Each structure stands twice: as structure tokens, then as C-alpha cells.
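**Q** In order, the protein sequences belong to chains G and P. For what it's worth, my numbering labels the leading residue of the first sequence as 1, then goes sequentially. For what it's worth, my numbering labels the leading residue of the second sequence as 330, then goes sequentially.
Lysine-lysine pairs mimicking BS3-like chemistry, simulated, CA-CA at most 27 Å apart: (1) 163(G) with 268(G); (2) 692(P) with 471(P); (3) 614(P) with 206(G); (4) 512(P) with 206(G); (5) 195(G) with 613(P); (6) 472(P) with 702(P).
What the hints contain is simulated information worked out from the structure, not anything from laboratory work. Please read these numbers as outputs of a predicted model, since none were measured by experiment.
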Amino acid sequence: MNPEVFPCRDKYFEQTMWQRKDLLGLEELSPEEIRQVLSIAESFKEVSTRGIKKVPALRGKTVVNLFYEPSTRTRVSFEVASKRLSADVINIAIEASSVKKGETLIDTGRNIEALKADIIVVRHGSSGAAEMLARHVGVSVVNAGDGWHEHPTQALLDIFTLKEKLGKIKDLKVSIIGDIAHSRVARSNIWGLTKLGAKVTVCAPKMLIPPGIEEMGASVTHNLDEALKDADAVNVLRMQFERDENTAFPGRLQYFKTFGITQARLDKANKDIIVMHPGPINRGVEMSSEVADGVNSVILEQVTNGIAVRMAVLFLVSAVREEKNETIN
Amino acid sequence: MKLLIKGGRIIDPANNLNEILDLLVVGSKISRIGKNIQVKAAKLIDAKDKLIMPGLVDMHVHLREPGREDKETVESGTKAAAKGGVTSVLAMPNTEPAIDCPKSVKLFKDIITKKAHVNVFISAAITKGRFGKELTNIAGLKKSGIVAITDDGSSPDSRKLMSEAFKKAAQEKVLIICHCEDKNLSREGVVNKGFTSTRLGLRGISRESEYERVARDIELAKAKKASVHIAHLSCRESVEIVAEAKRKGIKVTAETAPHYFSLSEEDLARFDTNLKMNPPLRNKKDISVIKKGLKDGTIDVIASDHAPHTENEKDIEFERAEFGVIGLETELAVAITNLVRTAILDWPDLVNKMAYNPAKILKIDKGTLGLGKQADIIVVSPHQEWVVQKKEIYSKSKNSCFLGKKLTGLVEFTVCGGKIIYANVNKYK
Chain G
1 MNPEVFPCRD KYFEQTMWQR KDLLGLEELS PEEIRQVLSI AESFKEVSTR
51 GIKKVPALRG KTVVNLFYEP STRTRVSFEV ASKRLSADVI NIAIEASSVK
101 KGETLIDTGR NIEALKADII VVRHGSSGAA EMLARHVGVS VVNAGDGWHE
151 HPTQALLDIF TLKEKLGKIK DLKVSIIGDI AHSRVARSNI WGLTKLGAKV
201 TVCAPKMLIP PGIEEMGASV THNLDEALKD ADAVNVLRMQ FERDENTAFP
251 GRLQYFKTFG ITQARLDKAN KDIIVMHPGP INRGVEMSSE VADGVNSVIL
301 EQVTNGIAVR MAVLFLVSAV REEKNETIN
Chain P
330 MKLLIKGGRI IDPANNLNEI LDLLVVGSKI SRIGKNIQVK AAKLIDAKDK
380 LIMPGLVDMH VHLREPGRED KETVESGTKA AAKGGVTSVL AMPNTEPAID
430 CPKSVKLFKD IITKKAHVNV FISAAITKGR FGKELTNIAG LKKSGIVAIT
480 DDGSSPDSRK LMSEAFKKAA QEKVLIICHC EDKNLSREGV VNKGFTSTRL
530 GLRGISRESE YERVARDIEL AKAKKASVHI AHLSCRESVE IVAEAKRKGI
580 KVTAETAPHY FSLSEEDLAR FDTNLKMNPP LRNKKDISVI KKGLKDGTID
630 VIASDHAPHT ENEKDIEFER AEFGVIGLET ELAVAITNLV RTAILDWPDL
680 VNKMAYNPAK ILKIDKGTLG LGKQADIIVV SPHQEWVVQK KEIYSKSKNS
730 CFLGKKLTGL VEFTVCGGKI IYANVNKYK
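The task is simple: from the sequences and hints, build the whole structure.
**A** Pasting the structure below:
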């Protein structure tokens with residue numbers, strides 16, 4: 001294959017072989033595996049800057065986006081990533097209600113496998129759903145968010161962005177602000193960042209900090225100024241007021257007053273602090289518009305980097321299956 | 330017909346026996362125990378290097394019949410019991426419909442008469458339909474032959490109703506078995522609340538949801554001078570509450586299940602629904618307090634909480650999967666492996682926890698090898714190792730939390746009412 005059109009091929013083979021057919025979470029990844037995704041994503045990033053934004057890495061492969069929860073950003077990002085790799089993409093959005101009709105996730109997965117798809121990108125409201133699917137199908141499964149459990153590609157793109165901006169991850173101080181209890185983004189970020197040697201602090205009202213989070217390697221504070229002080233980066237989570245939980249959430253205004261990121265608060269922090277948000281933003285709740293659109297914000301760069309990171313993930317899981325098939329043949 | 334079991338170590342704490350002897354069964358009864366019994370017996374079991382124990386009495390078993398014969402039946406469940414060395418079970422009443430009236434007890438008895446391979450004792454519901462709203466006819470149920478009442482699977486929220494239940498139960502001398510869980514606290518939880526629920530992003534079941542209900546039920550039983558038995562203790566606070574009650578002389582007994590002293594939430598590394606049960610697996614500290622409670626007598630009984638579920642109900646998203654695991658075929662070996670081999674219990678202790686104590690609590694004439702008693706006997710290879718394998722499970726459902734685990738202690742023969750109902754013909758020797 002011509003390295004001109006397929007920039008990372010050689011680089012990929014120089015490295016230790018990625019052995020996973022699936023990407024289910026960052027908890028099970030080694031630091032080396034995470035670095036490998038990041039380094040391949042780096043090569044893929046260039047593809048999106050070309051006149052013809054396409055490489056043939058996944059030509060002839062079929063990627064199915066199987067989404068049981070509404071999502072625009074993540075689904076579109078995976079779709080763009082797949083297309084830039086020349087894969088065929090099929091989007092399946094399943095209403096939660098049709099789950100009750102009886103077709104199980106496993107049956108749906110097997111049907112997709114029978115259609116000879118190569119990769120299933122799955123978003124599901126139940127923690128562990130991606131893992132369960134992966135156990136039952138031979139095709140690759142990429143977790144695009146399962147319940148409150150993990151959202152590995154989001155964390156990978158957050159880490160990629162941080163590394164791009166600050167040159168390293170080790171010893172960085174990263175604070176994650178917001179609804180930690182119900183956030184798969186928070187969990188994946190904690191695993192990924194701590195594995196690469198960063199120091200992670202989570203900051204939220206008490207009711208939104210889940211028990212035992214310290215054992216995952218994060219420090220806890222309920223004071224935003226403390227979380228921002230000395231931080232190299234802050235990752236601000238979306239407050240999900242629509243969530244149907246019994247927990248009494250603080251009101252929007254109250255939340256903004258106590259935990260919202262404002263320019264005045266940033267002014268007291270490290271002046272180069274990186275501000276991230278997985279989107280979509282509740283402007284005036286998690287952060288002011290001034291901050292979202294300000295000089296410290298890298299929110300749109302995260303979106304751009306999401307494409308490269310997802311290209312890397314799709315490429316790696318697909319290469320493993322290719323490798324295995326070759327061995328069988 | 331005569332059956333002679335020769336040369337095994339007889340462990341029968343009720344009769345203070347712990348020595349190598351022969352045991353003769355004539356008809357359905359134990360006829361003689363002694364050295365070197367020489368009779369012409371139709372059947373002979375060589376029990377050299379083996380243990381001879383009373384058949385186990387498992388006071389917490391879901392046989393699922395009537396209504397959920399796809400999960401288990403009286404026939405399949407009691408076959409599984411026989412394989413596990415269990416010769417008496419107490420069937421839980423959360424069938425479909427629930428066993429909550431004398432008529433349903435009678436129907437269930439007919440099934441047992443036709444299908445059971447071991448002794449099946451019956452428990453009925455405390456409240457009609459197990460809805461926690463209206464008491465069942467406890468006097469009528471008592472007459473119909475039940476040995477306990479329980480709403481197992483849930484716990485009536487109303488103090489007033491529960492207090493009334495204890496009052497009636499005390500009058501009728503019926504034991505109440507309490508599943509202690511405040512669903513207002515455990516809510517939609519699926520695993521222990523703490524690091525594991527956080528790590529896996531699953532809703533947690535708090536410890537309070539269990540132990541606050543343990544405290545309430547003991548308090549209510551005490552006020553009405555009723556007998557109360559606490560089912561499946563899983564956390565240390567519950568053990569401590571029971572211990573305190575016993576110190577005060579309150580009539581309370583308690584049980585735990587094998588998984589609560591052998592597995593912790595840390596074993597739930599991934600989303601394995603065969604480790605999903607209610608109460609949930611707790612942590613290592615809880616395990617050590619439960620072991621201590623077994624040793625010091627706070628916990629009287631080990632019972633399996635055998636809860637069969639089909640693959641379709643288990644092999645799905647963790648949150649949607651049913652709670653519960655099977656246990657009849659593994660409970661003895663799990664207890665030997667985790668309690669006897671580690672010197673937490675000795676052999677007589679083990680027989681007390683798994684046969685004699687539950688029989689005493691249920692006031693049934695089981696759990697001993699006394700002369701003239703029904704011959705419910707097991708012969709066990711105490712050091713034999715084996716691996717739990719799905720294809721060897723007798724139960725209709727295969728949802729064991731010990732699949733793939735190596736255990737020590739194997740049932741070689743199970744005798745029930747003088748008949749050999751199970752013989753290990755496997756290749757372990």
C-alpha cells in the first residue's frame with residue numbers, strides 16, 4: 001500500500017501489535033495501548049486537512065452505527081471517521097421502546113453480523129451493554145458510550161487534545177467538573193489520564209460524586225476554586241437536568257453560581273488553563289458563553305480531533321480482525 | 330432391604346459422634362451404628378477415607394414450581410439437591426402464583442408427592458400475593474402443613490402489618506423468615522453500592538437497605554415474642570445486629586449463603602450476570618465478619634438461596650438480568666473449601682450449619698443420624714477436588730456463580746429415606 005495515501009501504515013507496523021478486536025473501555029487498556037491509539041490518531045489527523053479527505057484503509061469494510069440513545073455528535077463523528085477511511089457506513093437508530101418488543105441487543109448484533117458488517121459502533125443506555133454485545137458477536141465492537149460506564153473514544157480525544165496542546169500527559173493536573181456520578185465521560189477520562197500519569201481531581205456537589213471514586217485514582221473536592229487552582233486543564237461535563245433520577249439536583253442558576261466556569265474564575269487560575277467540554281454545552285449552566293468561546297477553550301478542536309481518534313480506533317480494531325482472518329486462511 | 334455403609338467417619342454432632350464406624354440402614358430407617366457391623370446387606374457402600382454425614386437441610390430453595398417450570402421444577406430441583414448432598418429443602422413461596430393459601434399448599438403437596446426426589450418442606454407467603462398489603466391466613470396455612478412463612482424476594486414495608494404478622498405467627502407458633510430489604514433504599518440498585526457500582530457505572534444497593542430492615546424485623550419479633558429467622562445475611566452490620574440481639578436473649582436465628590463468604594464485589598470484574606444476586610456481593614471486610622459470625626455462632630445456618638433463572642433472563646444487559654444464582658450442587662463444596670479447609674469451621678460445625686441447625690429451626694425431624702430416624706445420609710470425599718462445569722449441572726438453569734471454580738469436597742452418595750438417590754459415577758478418582 002502506498003504510504004502517500006495511507007500515512008500511518010508503516011508507523012503502525014513499527015509498533016507493538018494492538019490485539020483487541022473491540023474497544024470497550026479504557027479501564028482494561030494498558031498505557032502502551034492508549035499511546036498507540038494516540039500516535040496513530042496523530043497520523044490520521046493530517047488526512048482531514050487534504051483536498052481529498054480520504055484514505056483507503058477501510059475500503060470494502062462496513063461500519064454499522066447502532067445507537068440506542070439519541071446522539072448527534074458522536075454518531076456523526078464516527079460516520080465521518082468511517083467515511084474518511086473509505087468504509088461503508090450504515091446508521092441504525094433504535095428507539096428504546098422497540099427494545100421492549102423483544103429483539104434483544106444480542107439478536108440485533110447477530111443480525112448485523114449476518115449482514116457481514118465488520119465493525120459495530122454501539123451506544124446504549126445500559127452499562128456493560130457494549131461488552132455483552134462483544135461477547136456474542138465475532139465482529140468488532142466499539143463502545144460509543146454505555147450507560148454511566150465508559151465512553152472511551154471521548155476520553156481518548158480529550159487526552160489527544162490535551163497532549164496536542166500541552167505536549168504531554170504525565171504530571172498534568174486535570175480537573176473534571178460536573179455530574180461525575182452519572183458520567184461515562186468522567187470514568188473513561190479518569191482511567192485514561194491516570195494510566196498516563198496525570199493527576200485527576202473531580203469536583204461536584206456531594207450528591208453527584210459517586211462512592212469510592214477515589215479508588216479509581218481521582219481526588220475529590222466540592223470547591224470549584226480549589227479544582228481550578230494550579231490545574232493545567234479543566235474538563236467540564238454537561239449537567240443533565242433532563243435526567244430522570246430521584247436525586248434532588250441543584251437548580252440551574254444555583255449550579256452556575258457554585259460550579260459554573262466564568263471568566264472571573266478563570267482569571268484566578270493558571271492563565272494557560274485548557275478548557276474542554278464534551279458537548280453539547282448548556283451555556284450559562286456549566287460555563288459562561290464567554291468561557292466557551294474564549295481563548296482557553298479548545299472545545300471545537302476536540303470535535304476535530306474526535307475524527308482522527310475514531311479513525312485510529314476503527315483502523316486498529318479492524319486491522320486485528322484482518323490479521324486473525326489471514327492466520328485462519 | 331438393607332444398606333450397609335462401611336468404614337467411614339461418621340460426623341453427627343446431634344449425637345456427639347465423630348469417629349470411624351459402620352452404619353446400617355434397614356428399610357427407610359437407620360438401624361445400627363457401630364464398629365464392624367457384619368450383616369448380609371443387599372447393598373454395600375465402602376466409605377473408607379470418606380465422611381458419613383446427615384443429609385443436608387437447605388432451608389432456602391426456589392424450586393420455581395408452579396409457574397416457572399422453564400427455570401426449575403420440583404423434579405429437576407430435587408435431583409440437583411440430591412447431587413449436592415441435600416436431602417431436605419424448604420421451598421420458597423414466590424412461585425407463580427405465590428403459595429399464599431391452604432389450597433395452593435395442597436396443590437403444591439400433590440406435585441411434591443409425584444415428583445420430588447428429596448424431602449420438600451413448604452413455606453407460604455406472609456402477605457397475599459406477596460404484595461405486602463394483606464396478611465395471609467396464617468392459622469389455616471399452619472394447619473395445611475407449612476413449616477414457615479416468608480415473603481422472600483421482598484419485605485413488607487408496613488411496620489404495622491409486619492407487627493401483626495409476628496403476633497399471629499407467635500400465636501400459631503409459626504416461624505417467620507425475613508428477607509430484609511428496604512426497597513425504598515435499595516431502589517433500582519443492582520450491585521453493592523461503593524467502588525464497584527461506581528466503577529461499572531451501575532446503580533448501587535446500599536448496606537442500610539439490608540441492615541435497617543434486619544434491625545426492624547428483630548425489634549418487631551421481639552415485641553410479639555415471635556420466632557424470627559433472618560435470611561441471607563450479606564453485610565457486616567447485619568451480622569453485628571443479629572449478634573447484639575442474641576446477646577440480649579432475643580429469639581432470632583440467621584443464615585447466610587455460600588457466595589457471601591466466598592465471593593466479593595471484587596470478583597465482579599466485568600459485567601458477569603452470574604454474580605448478580607440480591608442482596609449483592611459485598612466486600613472483603615464483610616466476608617471476614619460473616620466468617621467470624623459463622624464461627625462464633627451468630628450465624629446458625631448456611632443455605633443456598635438456590636435461585637434458578639433461564640439463560641434468556643441472565644444473558645442480557647446487567648441491569649435487566651434477573652437477580653439470583655443456583656447453589657444446591659455447590660454449597661457443600663463451597664463451604665468445605667472456604668470454611669473447613671481454612672479451619673474456620675470443623676466438620677461437626679459444618680454439619681450443624683448445613684443440616685442440624687436448620688432442622689431445629691424449622692422443627693423438622695432431620696439433620697441427624699439418630700437410631701430409628703429416616704435414613705437421610707450422605708457420603709462425602711472430603712479432599713476430592715473438582716471443577717464446576719456447566720455441562721455437569723443437574724439443575725434446569727445453569728446460573729452458577731462458581732462456574733469454572735475449583736472446589737474441594739465431593740458428594741459420592743446421597744441416601745434419602747433409605748434409598749440411594751444419587752451416586753457419583755464420575756471419573757474424579
